[in-house]
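Chemist: Here the protein sequences line up with chains Z and Y, keeping their order.
When we follow numbering that gives the first Met the number 0, the leftmost residue of the first sequence carries the number 0, and every step to the right adds one.
When we follow numbering that gives the first Met the number 0, the leftmost residue of the second sequence carries the number 0, and every step to the right adds one.
Just so you know, the hints here were simulated from the structure itself, not pulled from any lab data.
Among these hints, one or two may not hold up.
To be verified - In the DSS-like style, the derived pairs of lysine-lysine whose C-alpha atoms are separated by at most 30 Å in a straight line are:
no.: 1; chain 1: Y; residue 1: K91; chain 2: Z; residue 2: K22
no.: 2; chain 1: Z; residue 1: K22; chain 2: Y; residue 2: K124
no.: 3; chain 1: Y; residue 1: K30; chain 2: Z; residue 2: K304
no.: 4; chain 1: Y; residue 1: K30; chain 2: Y; residue 2: K124
no.: 5; chain 1: Y; residue 1: K79; chain 2: Z; residue 2: K286
Unchecked claim - Residues from chain Y that face chain Z, not an exhaustive set, calculated with beta carbons under 7 Å:
no.: 6; residue: T58
no.: 7; residue: G60
no.: 8; residue: S75
no.: 9; residue: Q90
no.: 10; residue: N97
no.: 11; residue: I109
no.: 12; residue: P110
no.: 13; residue: N112
no.: 14; residue: N114
no.: 15; residue: E117
no.: 16; residue: K121
Even for Gly, the Cβ is constructed at its ideal location relative to N, Cα and C.
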Amino acid sequence: MKNRINLYLVEFAINALLRAKSKNIFIIVVFTLLIALLASIFFITNSIKYELDQTIESLPQIIVQKIKAGREYDIEIDRVENIVTIAGVESVTPRVWGYYYFANAGVNFSIVGINQYEEQYKKSLENLVDRFDFDKLESNSSMIVGVGVKRVMSSSYYSDYFNFIKPDGTLKKVMIGGVFRGDTELESNDMIILPQKDAREIFGMSEDLATDIVVKVANPKEIPTIAGKIRLLYPDSRVLTKNDLKVSYQNIFDYKSGLFLALFTISLFTFFMIIYDKSSGLSSEEKREIGILKAVGWSIDDILKEKFYEASIISTVSYLLGVLIAFAFVYIFQAPLLRGIFEGYSELKTSFNLPFVFDMQTLFLLFFLSVPIYIGATIIPAWRASSLDVDEVIR
Amino acid sequence: MIELKNTTKIYEINKNNKVTAIKDISFKIKKGELVVLKGVSGSGKSTILSLIAGVSRPTEGDVIVDSKRVSKLPDSFASKYRQESIGFIFQKYNLIPNLSVIDNVLIPLIPTNPNGEEITIKLDKVLNHFNLLDKRETIVKNLSGGEQQRVAIARALINEPNIIIADEPTANLDEALSLNFIDILGELKKEGKTIVIATHDPLFFNLDIVDRVLEIQGGVLSF
């Protein structure tokens, strides 16, 4: 019974907070906003990182491009025959892809030509589209388009098909066979998938050429070795490994997260300013109150417990509110203003959803960055004041 | 019994400024006695009360109350001593202005984590005794000076202490209220409480209920 929580002390702490209502509401509002900002930064970073990891995971192990005069050119398909003979290579696939400028809307579409024997595409496409039937796509000369593409085409009255202008000025009519799932918008917003022969027709690319060649390796540890061998075999090629692409993606992410780091630092700095201000001393009124409590029989321990309850209530309420606001801001409202930092500039801007990533570590980190620090900053000056002679405090 | 033995208290304002509040003071107060400490402002009366109440420690000497060396008690024991044995009535009441009468009176009880029944009994007793029942929910800053003093007395008595200490209790009261306070003191004396009052109010010096008047001048007892 002796150790049961002293509810009168908790009630006293609540009353103490209510007595300085405006001051404490102000502290809660500022504290909540800071935690919400910090939490939003963490949540957005987690989501984007998750999204990037997913993207990187789906990248080819090796991409071979042809370089001439420092520029990228279409690559000869017959190189596939030689690359596939390199020991350790599992499969080699030429890809046909590129950009199509739709002048009416002033936007670029990303066109990817596929063929039905390309296993790697099949799997990805099944993930991106609810129902995927390649045979139907090929026989109807139809395409699957991203949500953004569909929107742009519809606004130009192309709701069932689209007329691509070929390099020779003639038109290529392709039916819209399907739209990518909304939750894949980050990757698929500006994308058009159609049979490879249609893509070649639109790009004016001959049968013996491809945009690039992707190589799948049996043992991922062999990727650098095989990339080296390809370079030796075709000195005019640029061989990009998954790791090169990862570094490049990471650099973009790190650059952009640097801006977030600045925001993070500012909010952390503000938080510590408040903490410093709080821990540097109590008002004479607060000191006097501590003196009164001691004079009527409260021990230092009782005073610190009461201050602990006060600080816990303020910091926990602020923490919970801050995290809830950040959850709503990032995952419901999709982080207006802040997410712009991560969105690249493009004419057909992606309108992806930040994926919900629940990371307990982030929540713990935020908790330990806020609640215990605030409690400490409240208790330390109270301990200093309550350690003085009571009459010194009251006088 | 309360005993001060060669007690000196020096306040250190800063490194170069020290104030001797009392110097080498010794006296005893028997259980149930009502003693008045008389002296002008700054003579050291309040310091003696603080030392007896255990809210301050002497620079030299000892303060012994009921065989306990109050001056040497560690904080937790000193708090327990104040909680159980001392009822302190401050000159400026030292109430918490934004709390209600009940909440102020209850403050000394809170650390003991009492049960509801104990609280009700003790509260009803003191509020009734000091005519505060109808003001129980009133915020103390809205009370008159006399009412505030009654709240301060009720708070000092809620733990039923044996020693009552009052620092200039009538300094902010008119004559009628001062007389009312003296009546209360009479009742407390009848109950066997030991009472120590620091005052320069002449009203106290010739009262029947007062057993002794000790005069303090410049921090020393004057006989």
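Chemist: Now, for every hint given, state plainly whether the structure supports it.
Modeler: Checked hints:
no., hint, in the structure
1, Y:K91 <-> Z:K22, "26 Å, holds"
2, Z:K22 <-> Y:K124, "36 Å, violated"
3, Y:K30 <-> Z:K304, "35 Å, violated"
4, Y:K30 <-> Y:K124, "24 Å, holds"
5, Y:K79 <-> Z:K286, "21 Å, holds"
6, T58, "11 Å, violated"
7, G60, "16 Å, violated"
8, S75, "5 Å, holds"
9, Q90, "10 Å, violated"
10, N97, "4 Å, holds"
11, I109, "5 Å, holds"
12, P110, "4 Å, holds"
13, N112, "4 Å, holds"
14, N114, "9 Å, violated"
15, E117, "11 Å, violated"
16, K121, "13 Å, violated"
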